[in-house]
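Asker: Keeping their order, the protein sequence lines are chains U and P.
Note that my numbering has the first sequence beginning at 29, numbered continuously upward.
Note that my numbering has the second sequence beginning at 3, numbered continuously upward.
Because the hints were derived from the structure by calculation, they are not lab data.
Be a bit skeptical, because a hint or two may be false.
[As the list claims (entries may be wrong)] Have a look at the derived ranges for each label pair, beta carbon to beta carbon:
#1 ILE125(P) to ASP116(U): 30 to 40 Å
#2 GLY117(P) to MET101(U): 23 to 33 Å
#3 THR105(U) to PHE65(P): 43 to 53 Å
#4 ALA128(P) to SER121(U): 43 to 53 Å
Just so you know, these numbers come straight off a predicted model, no measurement behind them.
Just so it is clear, CB atoms sit at the ideal spot from N, CA and C, and this is done for glycine as well.
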Amino acid sequence: MTWASPAHERSLRPEVISFLAGATGLFASISMLTLMVLALVPGLVPGWGSSVVVSGSMEPALREGDVIAYRPMDPRTIGMQSIIVFNDAERGSWVVHRVVDVNASGLVTKGDANNAPDTRLVLPDQVIGVAFMVVPWAGLPRLWWAQGQWYFSVLLILVAVGTAIEGGRLMRVVDAPWPARPPSAVFLHASRPEVARLVPEDTHARILRQAWHSS
Amino acid sequence: MRSRARIPIDQAIGRLRVIILLVALLVVVTAKPDAQDFVSVGLIAAALVATNLDRSLIRRGSFILAGTLVVVLDSVLAVLLLGMHDVQPSDPVAMVMVLPLLEAGYRLGMAAMVGIWLAFAVISVAQLAWAPYEGPNQAGATAVLLGLLLLVSLPAAFLSARLVDAAVGYQQAQARAEQRATMLALLVDTDAALAGDQAALLERFVVLAARVLDTRVLCLAAWMNVEGQLESTGSLAVDVVAASFAAPERVAVSSAALHQANSEPGRCVLIPGDEPQLVIAVTGIPGVGGVWAIGASVEDPLAMQGLELLCAVAAPRLASLSLGDLGHARDAK
Numbered sequence: 029m030t031w032a033s034p035a036h037e038r039s040l041r042p043e044v045i046s047f048l049a050g051a052t053g054l055f056a057s058i059s060m061l062t063l064m065v066l067a068l069v070p071g072l073v074p075g076w077g078s079s080v081v082v083s084g085s086m087e088p089a090l091r092e093g094d095v096i097a098y099r100p101m102d103p104r105t106i107g108m109q110s111i112i113v114f115n116d117a118e119r120g121s122w123v124v125h126r127v128v129d130v131n132a133s134g135l136v137t138k139g140d141a142n143n144a145p146d147t148r149l150v151l152p153d154q155v156i157g158v159a160f161m162v163v164p165w166a167g168l169p170r171l172w173w174a175q176g177q178w179y180f181s182v183l184l185i186l187v188a189v190g191t192a193i194e195g196g197r198l199m200r201v202v203d204a205p206w207p208a209r210p211p212s213a214v215f216l217h218a219s220r221p222e223v224a225r226l227v228p229e230d231t232h233a234r235i236l237r238q239a240w241h242s243s
Numbered sequence: 003m004r005s006r007a008r009i010p011i012d013q014a015i016g017r018l019r020v021i022i023l024l025v026a027l028l029v030v031v032t033a034k035p036d037a038q039d040f041v042s043v044g045l046i047a048a049a050l051v052a053t054n055l056d057r058s059l060i061r062r063g064s065f066i067l068a069g070t071l072v073v074v075l076d077s078v079l080a081v082l083l084l085g086m087h088d089v090q091p092s093d094p095v096a097m098v099m100v101l102p103l104l105e106a107g108y109r110l111g112m113a114a115m116v117g118i119w120l121a122f123a124v125i126s127v128a129q130l131a132w133a134p135y136e137g138p139n140q141a142g143a144t145a146v147l148l149g150l151l152l153l154v155s156l157p158a159a160f161l162s163a164r165l166v167d168a169a170v171g172y173q174q175a176q177a178r179a180e181q182r183a184t185m186l187a188l189l190v191d192t193d194a195a196l197a198g199d200q201a202a203l204l205e206r207f208v209v210l211a212a213r214v215l216d217t218r219v220l221c222l223a224a225w226m227n228v229e230g231q232l233e234s235t236g237s238l239a240v241d242v243v244a245a246s247f248a249a250p251e252r253v254a255v256s257s258a259a260l261h262q263a264n265s266e267p268g269r270c271v272l273i274p275g276d277e278p279q280l281v282i283a284v285t286g287i288p289g290v291g292g293v294w295a296i297g298a299s300v301e302d303p304l305a306m307q308g309l310e311l312l313c314a315v316a317a318p319r320l321a322s323l324s325l326g327d328l329g330h331a332r333d334a335k
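Just chain U, with the same shape it has in the complex:
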């Protein structure tokens, strides 16, 4: 036996799907926007900044693709278990590791996922800042791009654009019942009843309906 859905259900289905797509798009685009804003805001303050985690040496505290925000701090006040950003001249890059010991010569650092501390001490002038905030996943597009997986970044951009468009469509659907400009004929009829004597009642009703729908 074949069941046929009623006509009004069939006609509603595309609208429901469109609404769900719009709501999902709005939620996704706002989520992405929020993460991006949080990742970029520290860069507005001089001396502060944000950096993308590109290795898993600090897992599970920091995962690849997370963004850490850092601010400057007097190296003498940095205590154990702090996560610092320092310039590793040997590697030629910045490193984000945890301070596991502090001595007179410098700071001993270690990645949480590493078995042993780093071989070199971090000197005070190498310290760039201390990480104060972790924004999850916000650096994934840049990480993918840096690793040559640009197609993931492009795909994410396309998804972001698509979700933003779907979200915008939802807003327009919500806005749809409101006409851009109300028909003057409505007020023409309502404000001066003596005008109505020129026009039969049913004709006026038809004019108002046409004017309303056309607007």
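Fit chain P to the known structure of chain U by using the hints.
Answerer: This is chain P only, laid out in the frame that chain U set:
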């Protein structure tokens, strides 16, 4: 049944603030107050003062200044209260920050709302940065809070902007319609005042118009040039037609057409409408010195027949206004 009284939203917000102040005072009186409680009550009292100042500014017409003042004060109030009581972003109370955002969207528009939201994001990051350092804070809770704030405020600001546009549009349309209704009433009264053949013609026209309108010629208006004010009275006729079509922009093209109609009485000047089904015909009436303006739907055969009939009876030389002319006008558009 008694209808529910309606109050403006500004007054509602003011009353809400009074209630909040009373509750806060009750808390301070019944509990052991500390400095933070007193500061909180002081801030709420400041918001109350701001509400009164807001009304005063609005009465003077400074809507932007009043809106900015209240939104900034409310934002500062929300941030300070949350900061003083060390409310974390994961705490549901933190959603109180949605109130300044909604107010910004309602009073100043979506751009201001997004600006306030960005300011909240900066403040949230600064709060994390300046907190006593115990390792990096996960921004997940802050991101969820900011995302929820934007998710609630963005559609609200969007819809409030549309509602404001619609309200302004309604006010403007009502003003336009009332002006046209006044002019049309003047036209009807003048019809009755005219004497002789012209009065007979106009009376006949009114009767005929009622019949023709029943066959979907949407509007017809006429004016006699009794005082030599052809252009203004002709504009009135076109205006009335345009008003019935909810297309007041048609008035902008009426002046040139009226000049042409006046210089060559009896010749019909067609003004194609922006909408495909609308054509407005303007013509001077030979021997009378007036102007007719007729609007009709060219896609409606009954309307066209009624239009031709009306033209033939009311002004014999207008019989040249045929279906072909109207169709040509539509094609030219």
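Asker: What hints, given by number in increasing order, does this structure fail?
Answerer: Hint 4 contradicted; others consistent.
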